[in-house]
Amino acid sequence: MSKRFILMVLGGALGVLAAGVFIASMWFWFRPVGINNYLNKATIELVLLSPQLTTQLGLIDNTILDFHSGKLDDYSRAGEERALKKLKKVRDRLNRYGPDGLEGQELLSWRVAARYFDDLIRLAEFERSGYRVNQISGVTVDIPRFLTDTHLIVNERSAKRYVSRVSAYVGVLKTTRQRIAEDADAGVIPPRFVLDKTIESLREFIEPGVDGNVLLRTLPERLDAANGISSKFRESTLAKTRTLVESGILPEYEALIAQLEALLATASASPSIARLPQGAALYRAYLQSNTTTDLTAEDIHMAGLREVERVAQAMTVILDSEGVPGETIGDRISNLMNDPAHHFEDSDAGRSETIAYLETLNEGVMAQAGAYFSKLPTQSLEIVRIPEYAEDSAPGGYYMMAALDGSRPGRFYINLSDMSAIPRWTLPTLMYHEAAPGHHFQISKAQSISGLPLMRKLAPFTAYLEGWALYAERLVSEDMGLYENDKLGDLGRLQAEMFRAARLVVDTGLHAKGWSRQEAIDYMVAHSGMARATVEREVDRYTVWPGQATSYKVGELAFLEMRREAELALGADFDLRAFHDVVLENGPLPLNVLGDVVADWIDAQSALPRDAGPEKG
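Numbering of the sequence shown is given in our numbering, commencing with residue 1 and proceeding in unit increments.
Keep in mind that the hints were calculated from the coordinates and are not lab data. Some hints could be false.
[Stated by the list, open to error] Lysine-lysine pairs mimicking DSS-like chemistry, simulated, CA-CA at most 27 Å apart:
| hint | residue 1 | residue 2 |
| --- | --- | --- |
| 1 | Lys71 | Lys85 |
| 2 | Lys71 | Lys174 |
| 3 | Lys85 | Lys174 |
| 4 | Lys86 | Lys513 |
| 5 | Lys457 | Lys375 |
| 6 | Lys240 | Lys160 |
| 7 | Lys513 | Lys197 |
When you get a sec, could you build the whole thing from the sequences and use the hints?
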């Protein structure tokens with residue numbers, strides 16, 4: 001699992017570094033002269049562990065430096081050990097550049113990198129830390145998507161390398177079956193319901209047969225769109241790929257299905273990772289990694305229960321005032337969700353009206369934002385529909401950062417496939433979370449920071465990133481007052497907050513409290529009002545990604561606590577704009593490091609003469 005985890009996290013961190021980092025780093029490849037240059041060099045060293053990640057970044061495919069794009073990652077035990085050895089070497093060399101003698105941003109860069117590398121190493125050293133294939137991740141999900149969506153076919157050479165990667169996938173599947181067998185011998189077997197869903201997804205992959213298989217079916221159009229491919233080469237490429245699918249990949253999938261079916265006999269119904277060897281320690285490590293804190297499962301569970309109770313009381317006040325019927329909060333929210341009076345029309349006109357409504361919300365935020373932020377994003381924001389071909393597998397909405405060169409604005413993508421799933425009253429909080437003042441403000445600020453290694457600007461600290469976005473939802477309500485005349489909109493905010501609070505309870509319930517899958521589903525349905533099928537997918541996700549879902553609410557609570565501490569310490573001298581500057585001006589940080597930054601700022605502000613404090617906005 002070690003290399004797989006390293007590269008998964010690196011992918012989240014470095015998915016937008018692109019060629020600029022690579023080129024900028026090359027000058028210092030053999031002779032880094034400072035912490036920032038070293039971190040850029042280390043970034044490239046780690047990225048180059050993975051041919052797949054390098055392709056995802058668009059660094060060197062189809063250039064004179066391209067030596068990897070016919071390969072897939074090495075999923076063997078030896079490959080994992082090499083990756084961990086490289087990571088430890090990178091971490092050891094970091095000590096040559098600090099922390100002694102560093103200050104300011106350079107010291108912060110050292111602390112962030114040390115925390116990041118130490119976290120990767122700690123998790124990678126667990127010999128078995130998860131399920132190699134499951135219903136939402138692993139090679140059988142990631143590699144077909146990578147081959148069809150990420151590997152570019154632009155000429156004959158890249159087409160040959162596609163065939164080479166399809167061939168390599170046969171080997172990856174063999175290796176994966178071997179590693180699954182080793183895991184099972186060591187007592188690491190997925191829960192029965194995870195096996196059932198994984199087997200179902202594998203059968204869906206092979207059900208269309210050879211000619212309908214996605215690795216072959218999508219190939220003719222891609223070859224036709226490439227440059228300089230002859231008809232003879234086209235037919236040869238299709239024939240080679242067909243042979244690989246028919247004689248290699250489909251038989252390997254059938255063997256994998258048989259292997260997982262055999263495991264059903266001894267699989268547990270328990271969703272808890274704690275039942276695995278070293279499982280309790282592993283869950284603690286996952287919580288530490290995802291929250292970037294030292295909070296225990298008990299701490300997080302109790303915080304979740306408190307938040308569920310607080311949010312439930314606030315929701316009940318609005319539901320009562322609006323006369324929404326139902327026995328539980330979940331029932332009442334479900335009734336409101338299904339009320340067609342709150343839906344935009346399921347038509348092109350209704351979808352256009354939805355986009356226009358979101359644009360109006362954005363204008364309302366931006367009209368007030370200057371009173372709460374000293375610097376507004378220089379990047380513009382577009383609100384667009386998720387492309388129809390991608391809607392089925394896409395979330396309700398997401399933010400895509402602006403291009404570093406300014407060629408593309410920031411974009412908030414909204415899923416408009418099912419208009420009944422997005423009543424008007426649910427849209428404001430989604431907008432404020434994904435766009436302004438949520439992800440768009442935070443990421444735009446990070447992109448504008450000068451003099452930092454890009455690892456600092458784009459680090460994958462989910463607790464920080466999502467914590468800020470949840471804090472922004474609260475800011476819009478409690479400070480900016482944008483829900484004063486929209487009770488149902490505020491209910492939508494509270495429903496989203498309830499969802500994140502319930503995650504704390506459910507994730508820790510599953511992995512530290514002995515909850516069954518059904519207990520977790522029932523709890524979340526009763527408190528969130530989400531459809532049972534949606535909740536089932538959520539709970540199954542928490543089962544195979546332990547701790548990840550806790551990062552959102554833990555991050556929000558950390559931002560709120562830092563603000564409370566600053567308000568208490570500074571009193572009348574507290575300036576909200578200055579607080580927002582200090583939590584955003586350093587890019588994504590682990591929450592424990594951010595806490596130190598804010599504490600230092602509070603001390604500095606407290607030492608200022610009263611008339612020398614920051615100008616109030």
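Numbers of unmet hints, in rising order: 4
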